[in-house]
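Undergrad: Protein sequence lines correspond, in order, to chains A, B, C and D. Quick note: the first sequence uses our numbering, first residue 79, plus one each step. Quick note: the second sequence uses our numbering, first residue 79, plus one each step. Quick note: the third sequence uses our numbering, first residue 79, plus one each step. Quick note: the fourth sequence uses our numbering, first residue 79, plus one each step.
Take these hints with a grain of salt, some might be off.
If several chains are the same, the list does not tell them apart, and a pair holds so long as it fits within one copy or across any two.
As the list claims (entries may be wrong) - With a Cα cut of at most 20 Å, we get these calculated EDC-like pairs of lysine to aspartate or glutamate:
no., residue 1, residue 2
1, K351, D371
2, K387, E196
3, K189, E232
4, K189, D358
5, K351, D414
6, K297, E205
7, K387, D419
8, K297, E124
9, K387, E220
10, K387, D187
11, K189, E229
12, K387, D358
13, K387, E161
14, K125, D328
Just so you know, these hints were derived from the structure itself, not from any lab.
One-letter residues, chain by chain:
Number of protein chains: 4
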Amino acid sequence: MYSFRNDYSEGAHPSILRALGESNLEQTCGYGLDPCCREAAGIIREKCGVKDADVHFVVGGTQANLLVIQAFLRPFEAVIAAETGHVNVHETGAIEATGHKVCTVPTPDGKLTPALIERVIAGHSSEHMVAPRLVYVSETTELGTFYTVRELREIRSCCDAHQLYLYVDGARLGSALTTPGSDLTFPALAAAADAFTIGGTKNGALFGEAIVLVSDAAKPNFRWYIKQRGAMLAKGRLLGIQFRELLRGDLYLELARHANEMAAIARERLTAKGYRFAVDSRSNQLFPIVQDDVIRALCRQYEFDVNEKTDPLHSVIRLVTSWATPEEAVRAFVRDLPAADSGC
Amino acid sequence: MYSFRNDYSEGAHPSILRALGESNLEQTCGYGLDPCCREAAGIIREKCGVKDADVHFVVGGTQANLLVIQAFLRPFEAVIAAETGHVNVHETGAIEATGHKVCTVPTPDGKLTPALIERVIAGHSSEHMVAPRLVYVSETTELGTFYTVRELREIRSCCDAHQLYLYVDGARLGSALTTPGSDLTFPALAAAADAFTIGGTKNGALFGEAIVLVSDAAKPNFRWYIKQRGAMLAKGRLLGIQFRELLRGDLYLELARHANEMAAIARERLTAKGYRFAVDSRSNQLFPIVQDDVIRALCRQYEFDVNEKTDPLHSVIRLVTSWATPEEAVRAFVRDLPAADSGC
Amino acid sequence: MYSFRNDYSEGAHPSILRALGESNLEQTCGYGLDPCCREAAGIIREKCGVKDADVHFVVGGTQANLLVIQAFLRPFEAVIAAETGHVNVHETGAIEATGHKVCTVPTPDGKLTPALIERVIAGHSSEHMVAPRLVYVSETTELGTFYTVRELREIRSCCDAHQLYLYVDGARLGSALTTPGSDLTFPALAAAADAFTIGGTKNGALFGEAIVLVSDAAKPNFRWYIKQRGAMLAKGRLLGIQFRELLRGDLYLELARHANEMAAIARERLTAKGYRFAVDSRSNQLFPIVQDDVIRALCRQYEFDVNEKTDPLHSVIRLVTSWATPEEAVRAFVRDLPAADSGC
Amino acid sequence: MYSFRNDYSEGAHPSILRALGESNLEQTCGYGLDPCCREAAGIIREKCGVKDADVHFVVGGTQANLLVIQAFLRPFEAVIAAETGHVNVHETGAIEATGHKVCTVPTPDGKLTPALIERVIAGHSSEHMVAPRLVYVSETTELGTFYTVRELREIRSCCDAHQLYLYVDGARLGSALTTPGSDLTFPALAAAADAFTIGGTKNGALFGEAIVLVSDAAKPNFRWYIKQRGAMLAKGRLLGIQFRELLRGDLYLELARHANEMAAIARERLTAKGYRFAVDSRSNQLFPIVQDDVIRALCRQYEFDVNEKTDPLHSVIRLVTSWATPEEAVRAFVRDLPAADSGC
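Isolated chain A (complex conformation):
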């Protein structure tokens, strides 16, 4: 039984475990004020070319999202997000639980555009409505697509024109940085966003998201938010050690590239067998349309999500590869798959 359900089914890359083990009995002060966190933050600032950015580390993505959003917004201000955005769909109302509305727009591919953002803005004109103030985008998106640097810059300009903050959820940032066709770099991201995260959980860490606050607006007292929301890890160095390990060399990109390559193999083979995809994604998430009876058969050997039906006999499935996916598992999966029928 091999699982393609997500990119966090395994533990951590061995070098991370090793680093944790080596420092295990050293004493450090708690709560992210230790030397490891400082070092990791320095690496991130340098990699991103933002000397003045504040960097904080938290355990999970929902925490990162609600903390950043809350720090930027006043109580009547709202988020603009794609209808498929993680903060809208998959966080059990975490943003609303901090009091903020998430204003959504449907998108074909999970990506916001200036035109879509402006549609939301146009609908909010007085104190009888919330005031949209922060644009939330995921990179890569929940549908496996990515924003090019040019697209991010256009959104940035749109945000500037309407006095909006731009926050990029990088839970799968590694994948975005290494997807074929993507021209994204750390500095380009830092130049476009007011804040962004660098996701560790989905790219080889035990857990952890690095929050990078580029613009000053959310910086003051950010640690107060972290503590109040239960997101301050006592042994904060666990986060520093992991991000130091991932980012001081190229490990972060290598792991993500592997995941993308595994998906590319699957994609290429599936296409060869006649399968089409519900979304044209090139990163580590694929959404092929598969016959329901084939899905039933595959489920005996593989785990993956089954999403919406496309017709009475076919459904979209979601395949996710990871830093730990063995090439052989991918090849076995596509080998086990019969050719697509005409409804795929």
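Chains B, C and D: place on chain A using the hints.
TA: Then chains B, C and D, alone, in the frame of chain A:
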């Protein structure tokens, strides 16, 4: 300058002012525990045929909505509403400010249906998403349409099937009870809803919404919610006196009927002049499509909202009549209007 | 049965009712944007000598408190209040419901001092604790005492030294302005406070608190807060009309002075009969210590609160006089009271 | 430089790291639904003698506290805690951020009693005040003291009499279970509390608190709360593995006993040298009173917290020992300490 902007531009029906004046120097206890509130609550229970309902009075509609919704829901539970629903659009995120997400669906006419409700339910399946738990409908809707008793019963059945509460925002309930074609009655409403409001502000009171809690779920400690949210009026009797005056006879229905009749006159004359309507509403809100140059001319003599454009030369306007609208004001308005052109 | 339970047992001063009646059928725009509110705001700005202050009107005191506090504070910031402060005791956690902690200190007389404030400040030093940021005082206090101008200035200096906002809850401001021994004036208050309220509910209005935002910090988008919290009155002019009537001449002070004078009569007569007081208050709230059997007898003719016991045979009662209290009611009450015994 | 600042300065007990390493590349499903979490939950249920308890694992103590409290309370309900309680002092208003007031009472030793609880209850009588509904106690307390089984049972009876929930914060539960003089056992705790936590962070885990929900009230949909508050760990098995390792044998108690023994040595030696203690604690937190000049000298070699001054020349310091404290570090510390002077 006559205003068709809303149904709360004037003060109160004279008999309400008179009742407030007559009792002015009597001493009563505060916070809605006075004999006037008790009497008004009794009248409502009787009119609605719900002996065991709890009745509370608050000053405004947003208060009523956030109180009822909060009392029914646990923190991770959410509201289902039409995209045009008042709680979604025009309350500055009041529901989200209490921590609850509002899950919306587009509708052609501002009305939810079992199918639309089930579409939302189908999209929420695990602890990674909010749990939709309360259906919010407005009667009449924000687009001037209304639910028939049959439609309400079908929604009720849908709610029962999915363990949802049904809350009816009756800010314009008077209008719904007296719209031509509506078969709604107080008892029919009380039989369908878990809770509903009877709006005073938009039907001749200085202010006030009666909250009727039919099912037991939201009853316990409701006064604690009222107080905590700043919605407990010190001189609570002002609410009791007004609702007693509106509801002990037929004043409430008479005032609403007048508003509807004024709209019917406008509607009939506008139709005769060739105007079409963006929404087929029969209550006291009309949405005719008018030439932009005509709108500009009208604005010198009348106040009304101008909504979205339908083409480069035409827009939808919103006309609202009230208990206080003189027939002559309506007749003057439609007289001042030239015939529609072909784009209307 | 005459009630000394509070200062909001009756309706409104007749001249307020008259003003409401005279303008009843005029059309105005809603939500406090009407000419009456503008005029009342102008009167307040002039009376207080603060040209740049923002003035908003809301229906109730809990609303005013939670709105002002929320507008000044970020989510991790907290209020400093006396243990007896209204926001701490009598608002069902309304401040906490907006997410903010209320840090309290015991006081002998309901009044904060710089030393007490600094005791709270000293206890909060890092991101593991809330950050106290706003000082809440009531004028007059919940115990009927008042702050002199000098005391307010000392608190102001303390606030400046620690970067705290000073908010004065003036639910009983009229009483504070006219208590014998008080040197408070509107301009002196406005010079000391970052924000304060002028209470109408407890001084002759049907309802209403004027919120005066002196410093800029809470001004931006305050109407968004009002709407989000359900505190925006549709027929907002009702508030403007009432405050215009109370404040354009001396009515506000006259009504408060009457209440204070009625209390002074009671106080003088009670003292003559040998009663002592739990608090040395000179405003319209008195806290005499009375024999329990006398209390039981009085309860057959008068309403008032019975507070804590001082010994097995005596309790503190609370007597409140108002703008509407007839002198004869006071004289009858003290006449009906036997002499104090030695335990009072 | 050796730190006695807290009990979470090091990583994890080696056997925990080993267990994490051994299972590192196994695939499991996420979010705490994996076999390791199931196994750990089973061990806890058995150890506590509560077959029907629900067990959840979260990363940190603030998360555990806010989740449990929120799940038990409705919005107007409040917590009763000692003034020194962690939820009152050291969580940056996390409980208030979920909307709930924390009602506090001063205590001599950090411990609540039925009499103190009833003092709070007595002060809350109507809808104008919050409704206290949950008693929060820490075991051991923030002052290093502990509740005996008899004391817990008395609090339980008090809770039953007043319809209060009892929640025991076991961040240092290991210490409470092994402090000399304590008769606490897992089953005794489970029999007294409606919910409690078993702290891992301060007793040898990398991180982690086990939440044990004994009574049914907070059980439904608890995973929704976890997710909404950002407390659902993607690789949830990390928590299961750690708690399985700590609790399947006696490791949890052994580690805590070691910490307590190290403190006992320090305590005995300090007493022998003439030092007195601000609190009579026998667990792994000590609060000796030390001369300020001695403190200054010690700070060059040791880290520890310096709390309040007891007179101009002496202060209370806080020493915390842990599962990882070497006996030699303790002996060196007390050796380096000169004899107490008469002010200690």
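Undergrad: The structure should be examined with respect to each hint, and the outcome stated for every one.
TA: How the hints compare with the structure:
1. K351 to D371: within (16 Å within a copy, 61 Å between copies)
2. K387 to E196: between (32 Å within a copy, 16 Å between copies)
3. K189 to E232: within (13 Å within a copy, 37 Å between copies)
4. K189 to D358: Within. Shortest intra-copy distance 12 Å satisfies the 20 Å Cα cut-off; inter-copy 35 Å does not.
5. K351 to D414: within (11 Å within a copy, 69 Å between copies)
6. K297 to E205: between (27 Å within a copy, 14 Å between copies)
7. K387 to D419: So K387 and D419 pass the 20 Å test inside one copy only (15 Å; across, 46 Å).
8. K297 to E124: For K297 and E124, the Cα distance is within 20 Å only inside one copy (18 Å; across copies 39 Å).
9. K387 to E220: within (18 Å within a copy, 34 Å between copies)
10. K387 to D187: within (17 Å within a copy, 28 Å between copies)
11. K189 to E229: Answer is within; shortest intra-copy Cα gap is 10 Å, inter-copy 37 Å.
12. K387 to D358: within (17 Å within a copy, 35 Å between copies)
13. K387 to E161: within (19 Å within a copy, 25 Å between copies)
14. K125 to D328: This pair counts as within: shortest intra-copy Cα distance 11 Å, inter-copy 46 Å.
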